[in-house]
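S.K.: Here is what each chain is made of, one letter per residue.
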Amino acid sequence: MNALAKPCLDIRSLSAVLPNGLRVLRSVSLAVEPGEVRALVGESGAGKTMIGKAVLGVLPSSVRIVEGDMLLEGEDLGKLQAKARRTLIGARTALIPQDPLTALNPSRRIGPQMTDRLVRILGWSGEKADARIRQLLDEVQIREPERVLKCYPHELSGGMRQRVLIAAAFAAEPRLIVADEPTTALDVTVQKQILRLIAQLQREHGTAILFVTHDLGVVAKISQKVSVLYAGKVVEEAETAALFAAPQHPYTRALMAATPRYTDPFASLKPVDEAVLAGLASEIAAADQAWRRPHG
Amino acid sequence: MDEARISRHGSRARLWLAGGWLLIALLAAIFAPLVAPQDPLAQDLMLERLPPFWLDGAEPGYWLGTDSLGRDLLSRLIFGARIAFIVAFAAALAACLVGSTLGLIAGYFGGWADRIISRIVDVWMAFPPVLFAILLVAVLGTGLSSVIIAIAVIDWTRFCRVIRAETMGQSRMDYVENARIAGYGRIGIMLREVLPNVVPSIVALLSLEMGIAVIVEAILSFVNLSISTDDPTWGGIIAEGRLSIHQAWWVLVFPLVTLILTVLSFSQFGEGLRARFDPVLR
Ligand SMILES: Nc1ncnc2c1ncn2[C@@H]1O[C@H](COP(=O)(O)OP(=O)(O)OP(=O)(O)O)[C@@H](O)[C@H]1O
Ligand SMILES: [Mg+2]
Chain A
1 MNALAKPCLD IRSLSAVLPN GLRVLRSVSL AVEPGEVRAL VGESGAGKTM IGKAVLGVLP
61 SSVRIVEGDM LLEGEDLGKL QAKARRTLIG ARTALIPQDP LTALNPSRRI GPQMTDRLVR
121 ILGWSGEKAD ARIRQLLDEV QIREPERVLK CYPHELSGGM RQRVLIAAAF AAEPRLIVAD
181 EPTTALDVTV QKQILRLIAQ LQREHGTAIL FVTHDLGVVA KISQKVSVLY AGKVVEEAET
241 AALFAAPQHP YTRALMAATP RYTDPFASLK PVDEAVLAGL ASEIAAADQA WRRPHG
Chain B
1 MDEARISRHG SRARLWLAGG WLLIALLAAI FAPLVAPQDP LAQDLMLERL PPFWLDGAEP
61 GYWLGTDSLG RDLLSRLIFG ARIAFIVAFA AALAACLVGS TLGLIAGYFG GWADRIISRI
121 VDVWMAFPPV LFAILLVAVL GTGLSSVIIA IAVIDWTRFC RVIRAETMGQ SRMDYVENAR
181 IAGYGRIGIM LREVLPNVVP SIVALLSLEM GIAVIVEAIL SFVNLSISTD DPTWGGIIAE
241 GRLSIHQAWW VLVFPLVTLI LTVLSFSQFG EGLRARFDPV LR
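First to last, the sequence lines map onto chains A and B.
With the working numbering applied, the first sequence has no gaps in its numbers, which climb one by one up to 296 at the end.
With the working numbering applied, the second sequence has no gaps in its numbers, which climb one by one up to 282 at the end.
Hints in this document: simulated from the structure, not taken from any laboratory.
None of the values given here were measured: they were computed from a predicted structure.
Note that beta-carbon positions come from the ideal geometry of N, C-alpha and C, so glycine has one too.
Treat the hints with care, as some may be off.
[As the list claims (entries may be wrong)] Some residues of chain A that are not near chain B, with every Cβ distance over 10 Å (derived):
#1 Lys6
#2 Ser27
#3 Asp99
#4 Pro106
#5 Arg147
#6 Leu149
#7 Tyr152
#8 Gln191
#9 Arg253
#10 Gly279
[Claimed, not checked] Cβ-to-Cβ under 10 Å is the rule here; a few derived chain B residues that face chain A:
#11 Leu15
#12 Gly111
#13 Gln170
[Claimed, not checked] Covered by chain B, according to a simulated footprint, are these stretches of chain A (three or more residues, beta-carbon under 8 Å):
#14 65 to 75
#15 109 to 123
#16 223 to 232
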């Protein structure tokens, strides 16, 4: 990759705290190159969703960023006025959400819901937006676009809804898509299709994706690089192939050992080792100690 | 599946029955001078306490009988419907407008806006409503507009509470967050994304509130605090009927039945409409 090109997303030492002072993100640094798929793995509560929300500017009001910068294609989000930041995020990013049902407005038909954003936010003409949406519905292999466009969200299956949301995410040609566990809420049989679809559209459109998951199998299939997150801290970052070949951090190794393999599903299903957790705890404590000194 | 179909049939029947009664009552109210068989104010001591048409001694043209001053009961009910509907529409719309707007703002923006509005609602609801109404009318003076103002002033909280809760629930949904990411403004999201999802509840509440307004108006005229005593009102007729219950039960029973049917129809109509409006229930 061109060393001179700006990263698509550059998170530098980002820390965020809850009102009780607990850090949910601990000096997270992470750069996603243009067109790259970066996986973000970690167990539940590690802060994966928080990172995605921070990037998209929709952190819960209780969470406060206390340190660090986020650059979207070289533009420092923290230095922009709120309005300009919204416009930039709206134009350059999109979200493929975890739950495709609640991510669609239940009282609006699919068609207007999809074109609305292109027309109202990006200022496209109605016909152009319409044509674009139809093209994207075709790309996500929706066979009866006429019917789907007239449906209300609850009239579609979960897989169809997620296809619609994928189409909507790619429609405005964003530079970066945050995909937050986009297959977890779906039927197992549909999960693979959806994953393949995201990978295919990603390749064709050359969009960078920050792909949040806790499934290492998915990581191996879809990503070029991985960040392993534990308790809001990036404990390991590596090329996907390198990570699987030689995981460096004990937590990564434990995570891999805990992932069932198809050849021997039960033998390898081990919980994360006590010693590893103890090591992590002291690592986190040391990081917090070091952080507290300058931040009082 | 079958259960859903039955309940859908039930809700459709409800909608039509309630809507049918309301339509008849509304048309009668609008065209009162044309459809009322008699002058509702004309007294005739020769005709006092005539029974309804199926009893001995009934007179043709006085279908539901007459009261103790010889006035035609059906005509008085029809003219009473005018006042009932004017109060129902005006008071409910005013309460709905104020309450829903504040509820939407409190539920969507949260924070201090919510704290202030919720506080006001709590204080407001500490007053017993009927006493509150009587007090208000006493201050504003009797008359159609003070009755309307009194009902709106008391009942906006009903809308505010429900719409606030619904809006809060909707605002937590991912589609709202998605709209934020896409770059929509806060007020645009509130009006375009959230509001359509609470409209079914607003419609149901509005219809229910019309029924409540009819009752409150009847109560106020029952205690003689509503409109000038000349104009027939349902509450006024009920008050008169109560005095002659042993001589002429119909003067009490028919306005009561009319009142109950109308109030029930308003609430059932609201429920039916909610089911119609809501894309998920439909
Ligand atoms: N609205 C909120 N307010 C305060 N704290 C929150 C909020 N949402 C999440 N948290 C906390 O922030 C931490 C990170 O949560 P996050 O949702 O990012 O985890 P995650 O890695 O996405 O987990 P999962 O795999 O379960 O989705 C958790 O400890 C959680 O308890
Ligand atoms: Mg999450």
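S.K.: Could you check the structure against the hints above and give me the numbers of any it violates, in ascending order?
M.R.: Structure breaks hints 3, 4, 7, 11, 14 and 16.
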